[in-house]
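Engineer: Sequence order for the protein chains is A and B.
Its first residue numbered 1, the first sequence is counted upward by one per residue in the working numbering.
Its first residue numbered 300, the second sequence is counted upward by one per residue in the working numbering.
Note that these hints are calculated values from the structure, not bench results.
Computed from a predicted model, the values in this text were never measured in an experiment.
It cannot be assumed that every hint is accurate.
[Stated by the list, open to error] Straight-line C-alpha distance at most 20 Å; calculated EDC-like pairs for lysine to aspartate or glutamate:
(1) B/Lys396 with B/Glu574
(2) B/Lys360 with B/Glu349
(3) B/Lys424 with A/Glu183
(4) A/Lys262 with A/Glu107
(5) B/Lys360 with B/Asp562
(6) A/Lys110 with B/Asp562
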Amino acid sequence: MESDSKQSQETLREPQPSLATIGPEKAFVAICRLAVALPLLLLVVLVVDAVVDGWPRLSWGFLTGYPSRNPEIAGILPALAGSAAVIVLTAVMAIPVGVGAAIYLEEYTKPGRLTSLIELNISNLAGVPSIIYGLLGLELFVRAMQMGRSLLAGAATLALLVLPAVIMTSREALRTVPYSLREACYALGADRWQTIWRVVLPMSLPGILTGIILSVARAIGETAPLIMIGALTYVAFLPDSLMSPFTALPIQIFNWVSRPQKGFHTNAAAGIVVLLVLMLLLNATAIWLRVRLQRRVNW
Amino acid sequence: MEHALKTPRETSSPDPTRRPQTVVRPAEESGTPQVKMRTELLRAWFGPTEVLKGISLPILKNRVTAIIGPSGCGKSTLLRCLNRMHEVVPGARVEGKAYLDEQNIYEASVNPIRVRQRIGMVFQKANPFPTMSIRNNVLAGLRLQGVRPRSPDELVEKALRQAALWDEVKDILDRSGVSLSGGQQQRLCIARALVLEPEVLLMDEPCSALDPIATAKIEDLIYELRNSYTVVIVTHNMQQAARVADFTAFLYLGELIEYDKTDTIFRTPRDPRTEAYITGRFG
Chain A
1 MESDSKQSQE TLREPQPSLA TIGPEKAFVA ICRLAVALPL LLLVVLVVDA
51 VVDGWPRLSW GFLTGYPSRN PEIAGILPAL AGSAAVIVLT AVMAIPVGVG
101 AAIYLEEYTK PGRLTSLIEL NISNLAGVPS IIYGLLGLEL FVRAMQMGRS
151 LLAGAATLAL LVLPAVIMTS REALRTVPYS LREACYALGA DRWQTIWRVV
201 LPMSLPGILT GIILSVARAI GETAPLIMIG ALTYVAFLPD SLMSPFTALP
251 IQIFNWVSRP QKGFHTNAAA GIVVLLVLML LLNATAIWLR VRLQRRVNW
Chain B
300 MEHALKTPRE TSSPDPTRRP QTVVRPAEES GTPQVKMRTE LLRAWFGPTE
350 VLKGISLPIL KNRVTAIIGP SGCGKSTLLR CLNRMHEVVP GARVEGKAYL
400 DEQNIYEASV NPIRVRQRIG MVFQKANPFP TMSIRNNVLA GLRLQGVRPR
450 SPDELVEKAL RQAALWDEVK DILDRSGVSL SGGQQQRLCI ARALVLEPEV
500 LLMDEPCSAL DPIATAKIED LIYELRNSYT VVIVTHNMQQ AARVADFTAF
550 LYLGELIEYD KTDTIFRTPR DPRTEAYITG RFG
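Take these sequences, add in the hints, and give me the full structure.
Structural biologist: Rendered as structure tokens:
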């Protein structure tokens with residue numbers, strides 16, 4: 001009896017660590033921890049480096065100034081305004097089309113070969129390099145549709161770029177609405193239209209909004225397609241119409257980095273800080289919206 | 300026609316394939332209840348699988364009819380065929396006839412949405428709308444049908460009282476419908492169905508996820524409801540069928556084996572399969 005209890009106590013105790021007991025799990029966890037630490041570390045290095053380099057130039061004047069040959073007095077106002085205008089236009093174009101396509105694919109199509117072909121193509125489009133979208137935008141919007149190197153052409157190109165992501169995240173969100181709720185709605189004598197508007201969309205709204213913001217936030221940092229369609233690199237005026245030439249933050253940064261003078265490199269670093277802050281703000285808004293709206297939709 | 304099942308557009312252009320309807324309305328007698336619904340050789344499929352093999356079953360007005368049978372016998376499918384919810388599932392198909400007040404609800408000119416407005420349904424798993432408050436959950440059916448009630452608060456109170464939930468929620472009507480317990484959520488779903496004043500109420504194992512106290516409340520409720528509604532309840536709990544139902548139908552492998560007064564089914568079943576099931580030898 002006594003020896004029995006002693007033995008069972010023994011088996012509960014952690015065995016002495018030896019090379020054999022370290023085992024594959026601990027090694028795996030260590031690798032995973034490293035995998036988390038690495039990107040975090042890179043992000044910190046990037047932010048610290050940019051802030052340290054750009055700090056001397058970060059001021060109100062930098063945000064409200066126009067580009068100049070003199071790096072000391074050069075500012076990013078046209079680029080900031082251009083980015084803001086492009087993003088708003090992109091969202092205006094991409095949201096209705098993207099959410100509409102998602103609703104159609106998720107709620108109206110019957111599963112079949114054509115549907116899966118469309119689905120496959122949309123996920124492929126999400127992985128197409130952005131410079132290809134730039135080429136498409138150049139050919140389609142700038143040349144064929146004669147929009148020129150305008151704000152509208154830039155936004156249309158970026159809208160195409162983010163569309164697959166908007167469609168996929170919106171579908172994901174629509175899919176989270178349980179079938180039982182659609183059923184409940186039908187059983188109350190509602191048709192499909194009412195079910196979508198009154199039950200499915202309100203419930204998937206947090207997910208759809210988050211997806212939209214994250215997709216659009218990605219577009220704000222895109223440089224290649226804008227260079228491709230010919231956004232200007234030196235703009236000393238604010239965009240005043242849809243057809244006006246423009247520049248954007250990443251392009252301004254790209255321009256400054258490629259200058260030989262040291263002062264412009266400082267400007268580039270300051271511009272990077274502004275861009276990072278903008279993206280963080282957008283992402284934070286997405287998280288805030290999701291939490292806020294989901295509190296209403298907790299089940 | 301006060302309760303036309305057809306949409307107005309469809310009634311103005313009659314379907315040439317439709318045979319003239321003779322509406323039979325037997326006189327109400329206190330002794331013999333009227334037939335509210337009946338199915339005639341009703342068959343249903345999920346894809347290639349035939350789950351109902353020709354069911355002919357009467358459902359009497361102001362009575363509770365229970366559908367019992369082992370899992371997979373088609374009892375839920377039969378219930379869902381009664382308000383045309385079966386066909387909502389992709390790949391599902393129905394043949395045969397089901398009559399509501401002697402009108403075939405599977406006729407081509409009948410709008411399934413109108414059918415569902417007259418025949419309410421409560422599901423196995425409580426499914427209140429998470430984006431709506433308790434009050435708005437009760438009113439959801441009316442709102443979805445585009446009805447603007449003159450005194451919504453009275454309707455909400457009446458329906459919640461009928462569902463035996465009013466006292467528990469009267470002070471928290473603006474809270475989310477999913478903040479309630481499972482049993483309360485199920486009674487909320489019953490209130491949501493009752494506010495539409497359906498003629499028939501279909502209940503698909505409404506107590507299967509509930510504890511005995513919540514179950515007892517809902518069973519009392521079903522017993523009360525038979526005064527003003529016709530109730531069809533699917534249950535895998537035979538004691539429940541015996542407690543609440545006036546009539547019981549036993550389904551086995553997609554066929555109606557026996558239908559009779561609940562007492563008869565449980566005391567002197569005619570078919571050996573019925574007897575085997577109710578005595579717990581299979582299922």
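Engineer: In ascending order, which of the hints set out earlier in this document are inconsistent with the structure?
Structural biologist: 1, 2, 4 and 6
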